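S.K.: Numbering (numbering that gives the first Met the number 0), first residue to last: 0 to 574.
Check before you lean on any hint, since a few could be wrong.
Taking lysine to aspartate or glutamate and the EDC-like style, the derived pairs with C-alpha atoms no more than 16 Å apart in a straight line are [stated by the list, open to error]:
{"#": "1", "residue 1": "Lys464", "residue 2": "Glu185"}
{"#": "2", "residue 1": "Lys176", "residue 2": "Glu190"}
{"#": "3", "residue 1": "Lys131", "residue 2": "Asp73"}
Rather than coming from a laboratory, the hints here were simulated on the basis of the structure.
Everything numeric in this text was worked out from a predicted model, so none of it was measured.
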Amino acid sequence: MRITNNMMVQTMMRNLNRNMLRLNDKQIQHSTGKRINKPSDDPLGISKSLRLRTDISVMNQYKRNAEDAYSFMDNTETALINMLEGMQRVRELAVQASSETLTQEETIKIDAEISEIRKQLIDLANYTYSGKNVFSGKKTDQPLLDQYGNYLVDLMKSQDPNVLDDKWDFEMSTREKIQVNSLGFEIFEAEEREVVYAPTDAAADWTLELPYRDGSGSLSLTVVNGNGDGPEKQADGTWTVGANWGALSADELITTAMKEIGEITGPVLGEYRFELTQRNELDTSTDPPTVSANVEYLKAIPLNATIVDEYATPAVWEASYTADITEASFGGNTPPTIVFNGVEVVFLRDESAPAGYEIEDPPTDKNRITITLGGAAPLADQTPTDYLPAVETALRALSDIRGSGVEGFRFNAVGGTLQAVAPERSGTVHNKAYFAGTVPSVTPRADQLAIQGASVIRYIEAGQKAGLFQMFDKLEANLLDGKQEDISNMLNLIDAHINAILTVRSEVGAKTNRVELIVNRIEDDTLNYRDLMSKIEDADMAQVIIELMNEENVYRSALAVGARIIQPTLLDFLR
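Could you build the full structure based on these sequences and the hints that come with them?
M.R.: And the structure:
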């Protein structure tokens with residue numbers, strides 16, 4: 000093989016360029032301190048590094064959330080501490096005012112101090128943090144109370160995490176949320192009273208039972224069908240009223256009757272507001288559960304206390320099968336496809352199969368099942384209700400499959416109607432997603448988007464005076480009237496309000512400690528991630544310097560050898 004001078008020069012230049020490239024890489028690592036400066040340096044390493052950078056960025060945001068929550072709860076606790084100090088001073092003044100030796104001048108001074116504490120507590124109820132009202136729930140742009148202690152906002156708290164209430168959720172990680180705010184009625188109400196539901200019946204007698212405020216029993220009022228008499232107390236202590244008394248609706252009848260009864264029994268019942276409402280009734284003793292929709296109830300809503308509403312209303316989707324899948328939809332032997340919550344029930348046609356239908360068993364797809372219709376007769380000769388039991392069976396088969404769009408649902412074919420009952424405790428928000436499906440084009444009614452299963456909500460309606468300030472009204476009235484014994488009897492009520500504030504303060508303190516632990520954990524995780532990222536990205540500077548010196552020596556040697564390789568040319572002899 001013939002080697003030319005040009006070939007030797009080209010080889011030398013290629014090797015010299017490679018050496019310069021290695022020298023440049025080491026020079027960049029030395030200048031930046033990074034082992035990886037571009038993806039080609041370490042494709043796998045840069046992939047891990049980018050994931051770590053993303054995780055660190057996310058954790059930094061979670062840390063900011065946690066610190067914001069901590070600061071918010073710290074301000075909340077400050078307000079609660081001031082409230083507690085004010086209430087403890089009120090108790091001292093009440094003890095002092097219960098003495099019969101007080102002069103009129105001393106009474107006036109005590110009343111003036113109590114009045115100032117009331118104003119201070121109302122100011123604290125409207126306490127703000129960063130321009131947000133702390134105790135107004137999600138209505139942060141509105142103060143909680145007016146100058147007289149009346150609620151200006153509706154507030155609601157639910158035990159069901161799927162229900163949207165007035166609690167704030169601060170996200171501390173991908174799987175961790177903490178409710179950080181305290182609602183006004185948790186602080187200013189020392190009494191809870193439950194909503195009472197009574198199913199009305201226009202064709203028969205029905206009974207409403209309202210508990211006494213002291214828990215000693217209840218008042219029973221029976222509406223007697225076909226009777227026009229007013230409220231009457233029976234020998235057994237129960238009350239009756241005629242359904243035809245005054246030709247009133249059920250809510251008006253009870254409201255009028257309770258006013259007359261209250262004049263006799265006194266304030267042992269407390270006050271109620273009555274209204275008619277409709278609820279779905281679920282009978283879980285059957286399989287699948289059966290539903291009675293839109294059953295009328297009388298709803299007794301207590302006033303002047305935290306309202307507690309416990310209910311078990313099924314979330315029911317109900318569509319008329321015959322109205323939407325008619326004989327015409329089977330015309331031309333083209334079977335329809337039924338869709339519910341993303342799950343398909345597909346009808347297939349097989350004229351060679353025996354007459355009737357066959358359901359795919361087991362389903363090959365968790366969100367799709369087929370029903371094969373057999374027989375040579377046109378589908379239009381059969382009624383859609385012939386296939387309704389098959390649809391029910393098919394959907395029930397899919398509801399037992401984990402991960403299916405109808406997992407946990409129960410289906411019930413009643414006449415020409417197909418009912419779907421949502422899973423227990425699925426929640427209003429989830430039900431809106433569940434009932435987005437149609438069979439095939441029915442839109443669910445708004446009143447069907449309810450919660451199934453036991454759920455408890457506590458709420459306060461705007462316009463009601465806070466219980467704490469009702470107590471202040473009563474205390475000041477007794478003080479000015481000189482009723483020392485009544486003031487002494489109010490000490491238990493004052494203690495109950497102090498305990499309510501203490502309970503909220505303990506909850507805030509516990510959550511504050513938890514958030515502090517979360518911040519510490521995030522800082523530790525961030526430090527660990529940064530250490531791992533450093534091990535992937537950062538260069539070993541001692542090793543880099545040694546390699547840089549080696550590459551420099553190789554480069555100098557290459558230049559020296561190259562000078563020897565380049566031969567003298569004819570021009571060198573012509574000079």
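S.K.: Starting from the hint list further up, note which numbers the structure goes against and sort them upward.
M.R.: 2
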